[in-house]
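Enquirer: Construct all of the structure, not just a fragment, from the sequences and the given hints.
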Amino acid sequence: MRALDRLLDRPAAVDAPPRARRDWVLTGVGVAAVGVEVLLRGDLQWPLVMAAVAVVAMVALPWRRSHPVTVVAVVTVPGTLVGLAQWGRGLEADALASAAIAIVVPYALFRWSSARQCLIGGALLTVGVAVSVISQRGGLADAIGGATVVTLVAVLGELARQRAAARSRDLEQARLLERERIARDLHDTVAHHLSAVAVRAQVGQLQSTEPAALEALRQTESEARRALDEIRTMTRLLRTGLSPSPGLEELAALADAGPPRVTVTVARDAAPLPPAVAAGLFRVAQEAVANARRHAVGASQITVELGRDVAHTHVLRVHDDGVGGDPDPPAGLGVPGMAERVAHLGGRLEAGPDPDGGWTVTARIPDGGR
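For what it's worth, the working numbering labels the leading residue of the sequence shown as 922, then goes sequentially.
Please note: incorrect hints may appear among the correct ones.
Said to hold, decoys possible - For each label pair, taking beta carbons as the anchor points, the in silico distance ranges come out as:
{"hint": "1", "residue 1": "946", "residue 2": "1148", "range": "18 to 28 Å"}
{"hint": "2", "residue 1": "965", "residue 2": "1265", "range": "18 to 28 Å"}
{"hint": "3", "residue 1": "1102", "residue 2": "1066", "range": "50 to 60 Å"}
{"hint": "4", "residue 1": "937", "residue 2": "1180", "range": "38 to 48 Å"}
{"hint": "5", "residue 1": "1121", "residue 2": "1184", "range": "26 to 36 Å"}
{"hint": "6", "residue 1": "1079", "residue 2": "1187", "range": "45 to 55 Å"}
{"hint": "7", "residue 1": "1016", "residue 2": "1287", "range": "21 to 31 Å"}
{"hint": "8", "residue 1": "1148", "residue 2": "991", "range": "50 to 60 Å"}
{"hint": "9", "residue 1": "1276", "residue 2": "1174", "range": "22 to 32 Å"}
No lab work stands behind these hints, which were simulated from the structure alone.
Using N, Cα and C, we set each Cβ at its ideal position, and we do this for glycine too.
Expert: Shown next, in the form of C-alpha cells:
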C-alpha cells in the first residue's frame, strides 16, 4: 500500500515547455485536414457536428502539456457523446481519419501529468476507445487495435518522462560534483592565502609601534578573518548543495566600530524581504562598504540605511563622509558589479559624490524583484 501511495503521489513534470509556434501549426494542419475530409466525404451522417467536434479537439491541442487532463476530456468526451447519440439512433457512428492527429494527447498525458491525472485521463481514453468500437460496430480486433495504439503512445510518453528524469539526475549529480570541486579549490587556495594574511597582520602588530600602522594591521587582520569565515561558510554551503542566501541579519553584521565607523539602520517597514532581494541588497551594501573603506580618503563614518519609499520600493543607501574622487576607480569592478546585480532584480543603482560631501551609493529594487 505504501508503494502504491508513493506511486500515486508522483507530481506532474516541472519541465513542460510553454505553447510554441509548432503547436499552432499542428492545430492549423489538423483543422485544415478536418475541413478537407468533411468536404470530400459523402458518407458522413452528421458532417457539421463531426466537423465541430474535431475542430474543438484540434484547437485544444496547444494546451495538452499544461492542462493534459482537460485536453483529454475535450478530445474524448464530445466525440464519445456524438458516437453514443448516433448508436442510439441505430446509425453506425462516423469516424474522421484526420482526427488521428489527436493521438499526441495520450503521449502528453503520460509525459507531463501527475500519477493521479494519468489515472483520470487514462480512464477517459479507455471509455472513449470502448465507445468508439461499440458505436462503429467494431469487433474484438478493432478494440485490440485501438487499445494497442493508445497504449503504445502512452508508453512512449512515459519512457520520455523517465529518460528526462534520468538526464536531470545526471546533470544534478554533475553540478554537485562541480560544486564540490569549487568548494575544495576555494578552501585550498583562497582560504589558505587569507589565513596567511591574518597571521602576517598579527606578526606585524607585534613588531610595529606606529599607531597608524597598528590600526591598519588590526583592520587587515579583522577583514582577513571575516573573509575567511565567509569562505568557510560558502564552501560548506557548496558542499551541502545549498545556496548562500544572506539577509537582514548579515546586513546588520556589517556594523563595525571602525575606524571608520560603520552604522547600519534598518527601517521597521523594511522586512520581510524576498530572499533574492535580501541577498542582492546585502551584497551591494557589503561591496559599497568595502569600497568606502578602501578608497574614501579620511572617512570617519559609513552609514548603511535600508527602508522603503512610498512606492514600496526597497531603498538601500550607503554613504561615507570621506573626501576625494570615485571610491571605485575605473579599474575596479565594484560599481559595475553592483549595478548589474541590482538590474538583474529589476532595480537601478546610483553611485556618485554626494552634494553634502562624501560618496553615496543608492540601490532601488521593486518589491519582490523582477
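Enquirer: Hint by hint, say whether it matches the structure.
Expert: Evaluation of the provided hints:
Checking the proposed 18 to 28 Å range against residue 946 and residue 1148 shows it is violated: the Cβ atoms sit about 55 Å from each other. Restraint check, residue 965 to residue 1265: a C-beta distance of roughly 58 Å breaks the suggested window 18 to 28 Å. Our hint of 50 to 60 Å for residue 1102 and residue 1066 holds, since their Cβ atoms are close to 54 Å apart. Hint check: residue 937 to residue 1180, Cβ distance near 57 Å, so the stated range 38 to 48 Å is violated.
Evaluation of the 26 to 36 Å hint for residue 1121 and residue 1184 yields a pass: the beta carbon distance comes to about 30 Å. At about 52 Å, the CB distance of residue 1079 to residue 1187 agrees with the hint of 45 to 55 Å. Taken as a hint, the range 21 to 31 Å is violated for the pair residue 1016 and residue 1287, whose Cβ atoms sit roughly 55 Å apart. Checking the proposed 50 to 60 Å range against residue 1148 and residue 991 shows it holds: the Cβ atoms sit about 54 Å from each other.
Between residue 1276 and residue 1174, the C-beta spacing of about 30 Å keeps the proposed range 22 to 32 Å intact.
In this structure, the earlier hints numbered 1, 2, 4, 7 are contradicted, and the remaining ones agree with it.
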